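Chains as they are written, first to last, in the numbering used here: chain H, 1 to 222; chain V, 1001 to 1222; chain E, 2001 to 2211; chain F, 3001 to 3211.
Don't read these hints as lab results, they were simulated from the structure. Be a bit skeptical, because a hint or two may be false.
[What the hints assert, rightly or not] Below, computed lysine-lysine pairings styled on PhoX-like, alpha-carbon distance capped at 25 angstroms: (1) F/3073 <-> H/134; (2) H/134 <-> V/1073; (3) H/134 <-> H/73; (4) V/1134 <-> V/1073; (5) V/1073 <-> E/2123.
Source: prediction; values computed, not measured.
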Amino acid sequence: MIDKRVPDLSAAVAPIHDGAAVMIGGFGSSGIPMGLIHALLDRGARGLTVISNNAGAGEVGISALLREGLVSKVVCSYPRTPGSIWFERRYEAGEVELEVVPQGTLAERIRAAGAGLGGFLTPTAYGTLLAEGKETRVIDGIGYVLEPPLPADFALVRGEAGDRWGNVRYHATARNFNPVMAMAARHTIAEVRTLSDTPLDPHSVVTPGIFVHAIVEHGERP
Amino acid sequence: MIDKRVPDLSAAVAPIHDGAAVMIGGFGSSGIPMGLIHALLDRGARGLTVISNNAGAGEVGISALLREGLVSKVVCSYPRTPGSIWFERRYEAGEVELEVVPQGTLAERIRAAGAGLGGFLTPTAYGTLLAEGKETRVIDGIGYVLEPPLPADFALVRGEAGDRWGNVRYHATARNFNPVMAMAARHTIAEVRTLSDTPLDPHSVVTPGIFVHAIVEHGERP
Amino acid sequence: MMRLTEDQIAARLAADIPDSAYVNLGIGLPNRVAQHVPEGREVFYQTENGLLGVGPAPLPGQEDPELIDASKKLVTTLPGAAFFDQAESFAIMRGGHLNIAVLGAYQVAQNGDLANWATLDDKHPPAVGGAMDLVAGVPQILVIMRHTDRAGEPKLLERCTYPLTGAGVVNRVYTDLGVFAVTPDGFRVVELAAGNSLDEVQAETGARLLA
Amino acid sequence: MMRLTEDQIAARLAADIPDSAYVNLGIGLPNRVAQHVPEGREVFYQTENGLLGVGPAPLPGQEDPELIDASKKLVTTLPGAAFFDQAESFAIMRGGHLNIAVLGAYQVAQNGDLANWATLDDKHPPAVGGAMDLVAGVPQILVIMRHTDRAGEPKLLERCTYPLTGAGVVNRVYTDLGVFAVTPDGFRVVELAAGNSLDEVQAETGARLLA
């Protein structure tokens, strides 16, 4: 039987090991798997590479992982969200490495990893500092940068509803990076507001269960 | 006001000119914009390049375009569906050019065009006849082929429901190539079973209206 | 020679599909494997036109003309199914998310090369479909086919003579004469159809069989 | 000097957004443009976190914490809106599907170069967000900004000194002193804020203005 359900948040994050690369969905305050992040905080895996659009804010979520010194590298597009206090502190102290990736290139690199592609040519960042050292080429007068896929060991995603097959659908703008990250990790863990005994409508599914390895209910919205 | 509705099928296909590259959605008998194809047949634009997964079957759809001699080139993955009589006849007579593209590469090349990418590296077809003459490279022991984007002048797609903003949702496996083709054409024409005065639920939309330039109701299923 | 029927070959292969597997079945004989998976196993079939969780043929009166599989046959959905578009469907295939693909073949070579998309016949247009994507992305490639072609020529060979679908991709071959694993040393006999000797099967094979 | 207020600059830019346009508004001042689009025009705003058809702020009691824009502010949806994921959102931006992007800037050069993502200040981490994707894919790039920085230094320049967001991408610049088009010959004055002379505005500009 296909059953991706795990009993609780701490069981869900148990496989995450020291040194893992972990994708974390969400944008701003929406679609963040806050329950899983805090379970990971309790677990205390160290030396993590966090791949996410932002670098957290306040004393919660990714910011709390940074505060506790669990993160050695951040790959993101925008680490300067107001309130990114712990990222800034760790960054200024040289305690965390930063790779800044344009937001669309970040999404596309993650998707490429999930889709088994070896890379892609994007016009984004051509002629800028973020293309330095990268292979480029001009096609029909447009400059492109060759960008590699970006996979991860784990992905933590947050959905509105899920079922035992691992199918997930999302609410409003909480979708954001969650579907592409779910594709790109060796082991994807989904936190959903409601985990149903009955299957989701197959038309409503955004992340097919094949991408999800563990699913857990966490009713609270971040 | 944003209003993509056009009064009928013949008005919808009126912009399609001789020599145009036309993407046509559908797989097997599902999700084919049959109303638009037959309106195009009546219009009689010649020298068309047809980009589709199959090359038609029987006396309808793409097969009818081939029968009437309107098609000079077919780009597809599988031109040997049972009943592809008109494609076979034109091909054997040397009257139509054929570019065979692996199905996933076809979908991804179309998506790349819609997403503004300059190409991508795929492991598909590496080491085969279909990679001959193409740029290849080996990354971490895996061979990849560099594939270019595949855009078109027009895309004809078929959906279940649409609204005046051009939003489209699909039924079951009729989705297939329609969403990626809608992204990749300069001018996308959507045929939908029901065209509603009220907007679709924004969660249910698969093709956002921004990709659609004209939308027309055609109740009959192919 | 004792030869398995097509349904017997399909049943033999089906026995090797574990519970909870995600599987893509090619058109034709591979498609028949679904009917033979042992009771009690929940296997999820993907069809590349955009569905994971393909169910059996619909009951009369319940057909949905827009719910078909890659063979263009009417199907149903299993509980837990999901629809998606073509780009995502091939992301599933190419991205390594499926466990097993079952394909037909014109030829399989002892190094795992597969030829199943084009012959050297100029009269017919080549047609590749999704086969090259599957062999590029699915970790277990199982081939199901007759041991010899209609002319009696062997299809298990030292080297393919038809254009390749993929190089070194096949893991196992299921035929009417047995089950054969592709190993670094060549074809290893996993089992022979009851009643045949290795020598008899070897005589219909174009590469050396390892016991 | 007569200087337009931020809302006046936003209103001036908004007047140039045609009916039925698809528009992306950057964070901060660009975002304020939506409040000034003339009545009777249906303009569709995209927010890169996954929504096309962004509506105004919700009424009290109708807030949805999972319905936000790129500024992380609570929003609503307009009739005809659609949600999508991040990869598709940037396909819309990079793929040339939007008509207009409105961005803030640190600096704009007379050849259309834009600098709006990083300063030379080592203390702060660089943050790029979606700006480089927008300038790569959107055909009309409109910049809205103060004419000079807080220290009174010009922001319209012969050449940018900060790292570029994109080369030769800006079409027009809207400031508190006027509207300036980027042409092959440099900045051309489209209009000056009422009450200022060309000479006065030129004095606050780091590149030659063409009348």
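Given pair status - residue 2123 of chain E, residue 1073 of chain V, alpha carbons within 25 angstroms: holds, 18 angstroms
Would you mind confirming whether the straight-line C-alpha gap from residue 3073 of chain F to residue 134 of chain H stays at or under 25 angstroms? Violated, at roughly 35 angstroms.
Verify the proposed pairing of residue 134 of chain H with residue 1073 of chain V, using a straight-line Cα cut of 25 angstroms. The hint is violated at about 37 angstroms.
Straight-line Cα separation of residue 134 of chain H and residue 73 of chain H no greater than 25 angstroms? Holds. Residue 134 of chain H to residue 73 of chain H sits at ~20 angstroms (cutoff 25 angstroms).
Would you check the hint for residue 1134 of chain V and residue 1073 of chain V, treating anything up to 25 angstroms between C-alpha atoms as holding? Judged against 25 angstroms, a Cα distance of about 20 angstroms means the pair holds.
Going through the hint list in order, the structure does not satisfy hints 1, 2.
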